[in-house]
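Using the sequences provided together with the hints, build the complete structure.
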Amino acid sequence: LADERIALQLLIDQVPDYLWIKDCESRFVVVNKALATDCGLAATSDLVGRSDFDIHPLEAARVFRAHEMQLLASGRSAVDIEESVVTKSGDRRWLSSTKAPLRDDDGEVFGLMGIARDVSARVLADELRDGQAQLLEMIAKGAPLHAVLDRLIRLVESQLIGIFGSI
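For the sequence shown, our numbering assigns the number 17 to the initial residue and increments by one for each residue that follows.
Worth flagging that the hints you see were computed from the coordinates, not collected in a lab. Each hint should be verified, as a subset may be incorrect.
[As the list claims (entries may be wrong)] Now the in silico label distances, taken between C-beta atoms and shown as ranges:
1) S105 <-> A141: 20 to 28 Å
2) D166 <-> R109: 23 to 31 Å
3) L144 <-> G56: 25 to 33 Å
4) V164 <-> Q25: 52 to 60 Å
5) K157 <-> I97: 34 to 42 Å
6) L118 <-> L26: 50 to 58 Å
7) L144 <-> D62: 32 to 40 Å
8) A149 <-> G178: 23 to 31 Å
9) D146 <-> I37: 30 to 38 Å
10) R108 <-> I37: 42 to 50 Å
11) M129 <-> T103: 17 to 25 Å
Built from N, CA and C at the ideal position, the CB exists for glycine as well.
The structure is reproduced here in structure tokens:
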């Protein structure tokens, strides 16, 4: 049994996406290395027994918890939910998450599994494309120069972390 558990952990640690299993109280039971590392933890076992309240800001943890409780109560899966998280290093990431209730042999829900892929590059590209379109529309409609420049600065700021611009 111990060998099987070690083999399973080695396998899920190879997945570059976040992978986890939680109990019905939203405490982590199984996590992979990618998730533990981005939470600033040295080992996956350091996250076991903790909840989102231990690793995320309070409001984000409340949102995650409420959504997971809804999934557990309904017994339904949620596919490709876009969620924003801040890693321990302060980086904002956009994740596309899939979460599904886990059932025992009797069909009773006993936990929740999840996998989340980093889609930050796509989200930033979408924001850039939309921002560029807005700028072109503003110019075409003769918007005041200060409004165009303000929108341009806000677009640049949205693309770069820790950058604040002014004209």
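Comparing the hints with the structure gives:
| no. | hint | result |
| --- | --- | --- |
| 1 | S105 <-> A141: 20 to 28 Å | 22 Å, holds |
| 2 | D166 <-> R109: 23 to 31 Å | 27 Å, holds |
| 3 | L144 <-> G56: 25 to 33 Å | 29 Å, holds |
| 4 | V164 <-> Q25: 52 to 60 Å | 53 Å, holds |
| 5 | K157 <-> I97: 34 to 42 Å | 36 Å, holds |
| 6 | L118 <-> L26: 50 to 58 Å | 21 Å, violated |
| 7 | L144 <-> D62: 32 to 40 Å | 36 Å, holds |
| 8 | A149 <-> G178: 23 to 31 Å | 26 Å, holds |
| 9 | D146 <-> I37: 30 to 38 Å | 36 Å, holds |
| 10 | R108 <-> I37: 42 to 50 Å | 25 Å, violated |
| 11 | M129 <-> T103: 17 to 25 Å | 21 Å, holds |
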